[in-house]
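Participant: All chains should be modelled from the sequences, with the hints used to inform the complete structure.
Note that the sequence shown covers residues 594 to 835 in our numbering.
Simulated from the structure, these hints should not be mistaken for lab results. Quick caveat, the model's predicted, so the values are computed rather than measured. Using N, Cα and C, we set each Cβ at its ideal position, and we do this for glycine too. You may find that some hints are simply not true.
[Stated by the list, open to error] EDC-like, lysine to aspartate or glutamate: derived pairs with alpha carbons at most 16 Å apart:
| hint | residue 1 | residue 2 |
| --- | --- | --- |
| 1 | K789 | D767 |
| 2 | K681 | E652 |
| 3 | K681 | E704 |
| 4 | K789 | E640 |
| 5 | K737 | E722 |
| 6 | K716 | E704 |
| 7 | K789 | E690 |
| 8 | K737 | E710 |
| 9 | K681 | E651 |
| 10 | K789 | D805 |
| 11 | K789 | E704 |
| 12 | K681 | E710 |
| 13 | K681 | E715 |
[To be verified] Here are the computed distance ranges between Cβ atoms for each label pair:
| hint | residue 1 | residue 2 | range |
| --- | --- | --- | --- |
| 14 | I724 | G638 | 32 to 38 Å |
| 15 | F755 | V613 | 38 to 44 Å |
| 16 | R778 | R827 | 43 to 49 Å |
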Amino acid sequence: MLILGIVPVQRVRPQGGRLVPAGTWEDLTELRNPHSHLEERIAQGEEPPYVQFASLNEEDPEALADFVSREGWLGTDEIDAIAHEIRKMRAVLQVVEALRTEPADAQQLLEACRMLEAVWGEKGHPVEEDIESLQAHARYLLSKALTRQLEHVQVEVAIVDFGERLELALHIDDLLASMYLELARDILETDDVPRKCQNRTCRNWFLTHRSDRRYCSPRCASADRMRRWRNAHRNQEGEGTS
594 MLILGIVPVQ RVRPQGGRLV PAGTWEDLTE LRNPHSHLEE RIAQGEEPPY
644 VQFASLNEED PEALADFVSR EGWLGTDEID AIAHEIRKMR AVLQVVEALR
694 TEPADAQQLL EACRMLEAVW GEKGHPVEED IESLQAHARY LLSKALTRQL
744 EHVQVEVAIV DFGERLELAL HIDDLLASMY LELARDILET DDVPRKCQNR
794 TCRNWFLTHR SDRRYCSPRC ASADRMRRWR NAHRNQEGEG TS
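Facilitator: The following block contains the structure:
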């Protein structure tokens, strides 16, 4: 399967509720296929762009500008709209995480479904609290969200290799569609589990194959262990003086 499409990439800055060009389009715009060199970047240790997107601080316009300057046009330049798209992406990843957590956790599934319904504006449906019903409802919500996000992706049976064969090609118009297409492909073709870093001071998401991995990096693991040690030490001191 080919993923085709050109996205403008340009240095931008926040101004008046929007991300505006830091220079001129003629001088600074690069046209790029977001999927070119993506496998190489991931092999070098980068998280996919959709994971990086979910990790952004949506209340920091400079962070949004840095991401767009590096990865390309999202389909909108409105800061509030981009912030909402970050929350939508996180809600989708929460559902995927809940569906792929073993053993399945009914409370985690229920909270993830409610979050996606709230952020995406879906009407809530009564859900039985048994695992099978919750998983079915989560898959329904996930299917609906991804289908809606990819409705403008164009499908073509393309001629490739100088006419020697045909291949399915998907055409994207902006980085947001590209990220959701990559996410959908990862859901369908891999066992990767998206997970929020358990270090309270970190907002990063990451992909993992390991059910026991809780942190995005050794640094976050060490920081969280140190925080828990300090808390336990303070509690012991408090008990000693009481």
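Participant: For each hint, tell me whether it holds in the structure or not.
Facilitator: Taking the hints in turn, this is what the structure says about them:
Taken as a hint, the K789 and D767 pair is broken in the structure, with Cα atoms around 26 Å apart against an allowance of 16 Å. Between K681 and E652, the direct Cα distance comes to roughly 14 Å. Compliance with the 16 Å bound is thereby established for this hinted pair. Distance hint between K681 and E704 is fulfilled; the C-alpha atoms sit about 15 Å from each other, no more than 16 Å. The hinted pair formed by K789 and E640 meets the criterion: a straight-line CA distance of about 13 Å does not exceed 16 Å.
Proximity of K737 to E722 is assessed by CA-CA distance (about 21 Å); at most 16 Å being required, the pair is judged violated. Restraint check for K716 and E704: satisfied, since their Cα atoms lie roughly 15 Å apart, inside the 16 Å limit. For the proposed pair K789 and E690, the alpha carbon gap of about 9 Å is at most 16 Å, so the pair holds. Restraint check: the Cα-Cα separation between K737 and E710 comes to about 11 Å, which is no more than 16 Å; the hinted pair holds.
As the CA atoms of K681 and E651 are separated by approximately 11 Å, the hinted pair is consistent with the 16 Å bound. Taken as a hint, the K789 and D805 pair is honoured in the structure, with Cα atoms around 13 Å apart against an allowance of 16 Å. A hinted pair counts as satisfied when its Cα atoms are at most 16 Å apart, and K789 with E704 qualifies at roughly 15 Å. About 10 Å separates the Cα atoms of K681 and E710, which keeps this hinted pair within 16 Å; it holds.
At most 16 Å may separate the alpha-carbon atoms for a hinted pair to count; K681 and E715 meet this at roughly 12 Å. The beta-carbon spacing between I724 and G638, approximately 35 Å, falls within the hinted interval of 32 to 38 Å. Judged by the Cβ atoms, the range 38 to 44 Å given for F755 and V613 holds: they are separated by roughly 42 Å. Checked against the given bound of 43 to 49 Å, the beta carbons of R778 and R827, roughly 47 Å apart, stay inside it.
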